[in-house]
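J.: Listed here are the chains, written in short residue letters.
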Amino acid sequence: MPWSEAFLESQQTHTTTQVVGRELSYTQALNEALSLAMALDPNVFVLGQGVDDPSTMFGVTKGLAEQFGSPRVFETPLSEEGLTGICTGAAMHGLRPVYCHNRPDFLLLAFNQIVNHASKIHYMDNGQNRVPMVIWSAIGRGWGSGAQHSQAIQGLLMSVPGLKIVMPSTPYDAKGLMLSAIADNNPVLIFEHRWLMKQQGVVPEGIYNVPIGKGIYRERGTDLSIIGTSHALALAQQALASLKEQGISADVVDLRTLKPLDHEIILESVKKTGRALIVDTGWAMGGVCAEIGCVIAENCPQILKAPIKRVGLPDLPTPAGHTLEQLYYPSEESMARAILELLNPIGME
Amino acid sequence: MVINFPYQGSDFEDCGDFVARYEASFLTQMFHSMLRIRRIEEAIESQYHQDQMKTPIHLVIGQEAASVGACSALKKSDILYCGHRTNGAYLAKGGDLKGMLSEFFCRKNGCVGSRGGSMHLLDKSVGMAGSSAIVAGAVPIATGAALSAQLRGDDYVSTVFLGDAATEEGVVWESLNFAALKKLPIVYFCENNFFSVCTPLEERQPLDTPIYKKAAAFGLHSVQVDGSNVLKVYEAVTSAVARARRGDGPSFIEVPVYRWRGHGGAGDDSASGYRDPAEVADWQKHCPVEGYAGFLQREGLLDSQQRAAMEQQISTEIAEAFQHAEQSENPTEEDLYSHVYCN
Ligand SMILES: Cc1ncc(C[n+]2csc(CCOP(=O)(O)OP(=O)(O)O)c2C)c(N)n1
Numbered sequence: 027m028p029w030s031e032a033f034l035e036s037q038q039t040h041t042t043t044q045v046v047g048r049e050l051s052y053t054q055a056l057n058e059a060l061s062l063a064m065a066l067d068p069n070v071f072v073l074g075q076g077v078d079d080p081s082t083m084f085g086v087t088k089g090l091a092e093q094f095g096s097p098r099v100f101e102t103p104l105s106e107e108g109l110t111g112i113c114t115g116a117a118m119h120g121l122r123p124v125y126c127h128n129r130p131d132f133l134l135l136a137f138n139q140i141v142n143h144a145s146k147i148h149y150m151d152n153g154q155n156r157v158p159m160v161i162w163s164a165i166g167r168g169w170g171s172g173a174q175h176s177q178a179i180q181g182l183l184m185s186v187p188g189l190k191i192v193m194p195s196t197p198y199d200a201k202g203l204m205l206s207a208i209a210d211n212n213p214v215l216i217f218e219h220r221w222l223m224k225q226q227g228v229v230p231e232g233i234y235n236v237p238i239g240k241g242i243y244r245e246r247g248t249d250l251s252i253i254g255t256s257h258a259l260a261l262a263q264q265a266l267a268s269l270k271e272q273g274i275s276a277d278v279v280d281l282r283t284l285k286p287l288d289h290e291i292i293l294e295s296v297k298k299t300g301r302a303l304i305v306d307t308g309w310a311m312g313g314v315c316a317e318i319g320c321v322i323a324e325n326c327p328q329i330l331k332a333p334i335k336r337v338g339l340p341d342l343p344t345p346a347g348h349t350l351e352q353l354y355y356p357s358e359e360s361m362a363r364a365i366l367e368l369l370n371p372i373g374m375e
Numbered sequence: 006m007v008i009n010f011p012y013q014g015s016d017f018e019d020c021g022d023f024v025a026r027y028e029a030s031f032l033t034q035m036f037h038s039m040l041r042i043r044r045i046e047e048a049i050e051s052q053y054h055q056d057q058m059k060t061p062i063h064l065v066i067g068q069e070a071a072s073v074g075a076c077s078a079l080k081k082s083d084i085l086y087c088g089h090r091t092n093g094a095y096l097a098k099g100g101d102l103k104g105m106l107s108e109f110f111c112r113k114n115g116c117v118g119s120r121g122g123s124m125h126l127l128d129k130s131v132g133m134a135g136s137s138a139i140v141a142g143a144v145p146i147a148t149g150a151a152l153s154a155q156l157r158g159d160d161y162v163s164t165v166f167l168g169d170a171a172t173e174e175g176v177v178w179e180s181l182n183f184a185a186l187k188k189l190p191i192v193y194f195c196e197n198n199f200f201s202v203c204t205p206l207e208e209r210q211p212l213d214t215p216i217y218k219k220a221a222a223f224g225l226h227s228v229q230v231d232g233s234n235v236l237k238v239y240e241a242v243t244s245a246v247a248r249a250r251r252g253d254g255p256s257f258i259e260v261p262v263y264r265w266r267g268h269g270g271a272g273d274d275s276a277s278g279y280r281d282p283a284e285v286a287d288w289q290k291h292c293p294v295e296g297y298a299g300f301l302q303r304e305g306l307l308d309s310q311q312r313a314a315m316e317q318q319i320s321t322e323i324a325e326a327f328q329h330a331e332q333s334e335n336p337t338e339e340d341l342y343s344h345v346y347c348n
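Just so you know, the sequences run in chain order A and B.
Start counting the first sequence at 27; every next residue gets the next number (the numbering used here).
Start counting the second sequence at 6; every next residue gets the next number (the numbering used here).
These are calculated hints, taken from the structure and not from any lab test.
Model, not experiment: these values are computed from the prediction.
Glycine included, every Cβ here is placed at the ideal spot set by N, Cα and C.
One thing to keep in mind: the hints can contain errors.
If you want the ones that stay clear, here's a sample from chain B, every Cβ over 12 Å from chain A, calculated [what the hints assert, rightly or not]:
#1 14
#2 21
#3 22
#4 50
#5 54
#6 56
#7 116
#8 174
#9 183
#10 207
#11 228
#12 268
#13 277
#14 298
#15 328
#16 336
A few chain A residues that face chain B, going by a derived Cβ cut-off under 10 Å, partial list only [said to hold, decoys possible]:
#17 71
#18 75
#19 123
#20 154
The whole structure should be built from the sequences, with the hints applied where relevant.
T.: Pasting the structure below:
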């Protein structure tokens, strides 16, 4: 059965609160998503540097080559631009590629195909061609990853029309969003974070989908809205937990998808709390935080009890060395400080 | 007088045996196809100054044999991609003339609804699959189409037209490497017209390593044939397509050709100094259209009456297509917002 029909038949939406399933690791959840999608639709194929080597892309592609054969799961030459274009062409002619990269940094070599081609072909062709492809990569951090192996480039891509950008943060979402991304008829970029991949979580068996373009409340509270995705949101949640004793509570909005951006949940929450802390794993400047901040500022400035605050990366390349790295990244402490500053803005006490 | 890049073919002197091997109607059909493209290009050129076609144009006058020879070797179900110089590929593959001109006139009923313009012509109904205005951008995409044919067991062969300058882009070599690795059913068809806009080949590539030899070094079956000779182009592409269909992998075909007009726009711009007008005049002595017409006449396959009938039929078709485009509707604001995402 072709993917789209089979997928629709089995489509159901779970909420994280009532999940029934087994404990799986984050990478097992992703692995299961790929395996299910490949079993369901012979047009799905998986490629990338390391998908069929001993590392199997952190375990994400483990066993797939044995299960589905090498024509459908294959190592690539180191030709990121070329292979992205090849995936684009393959997608235009009936296949559903899932192109995996260890790091988003390598996607920078493929911007010509992502930004000039894959994202626009459907529009430029007046709807006559479609490009259902998934580009998956995992943001790195630490142990000297440095300026060229730790970049979170979602902000660079967020303004490109035609793309979808997904940033999961739980095993449940990782599987459900991967399945949704493969079923989507557009180019979808999935950015995982290496530091989330150690998590365990309850994951339902079989196919389910997490809708692309819809955020979710991880916590409900009254004092502020913490909005973001992925590891940045996890860190903010830790910081929030450390402030619980002080009686601080917050809406924690996991956007799960940055593009299309779920304006509704952002504005709903901020209109309630009047305060917004926006967090992202990428650079604060001109990036995801800036865009979300602007959405809030444009839509409900009169509601804000304090200036919007964003926590992203400083306007610097990532340093490689350990000490500098500690200073570069936001920490639980700096996130907690940001929350407190938002609640007691300087000059507004 | 400086002729940097002389014609090096043999005109049609060694082509007598083609007549025995092919149906007369097929040989004259290829002529009709070339003549039609020439006349369409001339018509576009002659009206371009009226500024009703608000789109860049990259004419293929002088390169018709390449377009027609290559596409005549393809089935309708075989697919073709090309770059910014789309007109020859699109028309030779069978693309709808009305859809093309409507696109040039920025109409709603243009072949891509006025979203793409002249550098983005496609007509999927005849296998004209797409084009990119980013030099070499369509090369990996065509390669992916070939991967799809292989993985899905489809019978089509993928083809892509690229220029000499496109081979200076790394992605071409990434694509060739992958196609050779996987033995993909694809033909890379390189029209070497010696210029990248106004920059001659010798300022961009070492001339002692011809392009097709570089492709051969990547493991592709690779040949060079006279791009002004429709018969030689046809045979080279036919054998490359047969290899691809047999599962013997990709081929690369380099065809030296010459564009008579400027890189873009109407008219010849050689007076601006980047090439000697004498070089243009020299190539015009080896006109792919008239050279082939002479050959067919000598072989008794085309007489002046037949030629006149073709001219008449073509000019009527062109007049109708222009009228259709001129009278078609413009897109509306609603059209601007559709198809950003595919459902
Ligand atoms: C990546 C890229 N760089 C530069 C350009 C500008 N440009 C358009 S056509 C062209 C020349 C291309 O020459 P060639 O590939 O030989 O094709 P031709 O125009 O001769 O048919 C250039 C440089 C472009 N469109 N894309």
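J.: Please go over all the hints and tell whether each is borne out by the structure.
T.: Hint-by-hint comparison with the structure:
1. The claim that residue 14(B) is not at the interface with chain A holds, since no C-beta of that chain comes within 12 Å of its own (minimum 33 Å).
2. Against the 12 Å criterion, residue 21(B) stays outside the reach of chain A, whose nearest CB is about 41 Å from its own CB.
3. With 12 Å as the threshold on Cβ separation, the claim that residue 22(B) sits away from chain A holds: the shortest Cβ distance comes to roughly 38 Å.
4. Look at residue 50(B): its CB is around 25 Å from the nearest CB on chain A, clear of 12 Å, so calling it non-interface holds up.
5. Consistency note on residue 54(B): stated as away from chain A, and its beta-carbon is indeed over 12 Å from all of that chain's, at 27 Å minimum.
6. Taking the minimum C-beta to C-beta distance to chain A, about 23 Å, the non-interface status of residue 56(B) holds against the 12 Å cut.
7. Some Cβ of chain A comes within 12 Å of the Cβ of residue 116(B); the nearest lies about 8 Å off, and the non-interface call is violated.
8. Distance check for residue 174(B) against chain A: the nearest CB is about 9 Å away, which does not clear 12 Å, and the non-interface claim fails.
9. With a cut of 12 Å on Cβ distances, residue 183(B) falls inside the contact zone with chain A, its closest approach being about 6 Å.
10. The non-interface label for residue 207(B) is consistent with chain A: the shortest C-beta to C-beta separation is roughly 27 Å, beyond 12 Å.
11. Consistency note on residue 228(B): stated as away from chain A, and its beta-carbon is indeed over 12 Å from all of that chain's, at 23 Å minimum.
12. With a minimum CB-CB distance of about 20 Å to chain A, residue 268(B) clears the 12 Å threshold, and the non-interface call stands.
13. With a cut of 12 Å on Cβ distances, residue 277(B) stays outside the contact zone with chain A, its closest approach being about 29 Å.
14. Every C-beta of chain A lies more than 12 Å from that of residue 298(B), the closest at about 36 Å, which supports listing it as non-interface.
15. The claim that residue 328(B) is not at the interface with chain A holds, since no C-beta of that chain comes within 12 Å of its own (minimum 23 Å).
16. The claim that residue 336(B) lies off the interface is violated: its Cβ sits roughly 10 Å from the closest Cβ of chain A, which falls inside the 12 Å cut-off.
17. The criterion of a C-beta within 10 Å of any C-beta in chain B is met by residue 71(A), whose closest approach is roughly 7 Å, and the hint holds.
18. Contact between residue 75(A) and chain B, as hinted, is not supported at the beta carbon level, the nearest pair being about 13 Å apart and thus beyond 10 Å.
19. For the restraint placing residue 123(A) at the interface with chain B, the shortest Cβ-Cβ distance is roughly 8 Å, inside the 10 Å limit, so the hint holds.
20. Taking 10 Å as the C-beta contact cut-off toward chain B, the hint placing residue 154(A) at the interface holds, the least distance being around 6 Å.
Hint violations for this structure: numbers 7, 8, 9, 16, 18, all remaining hints satisfied.
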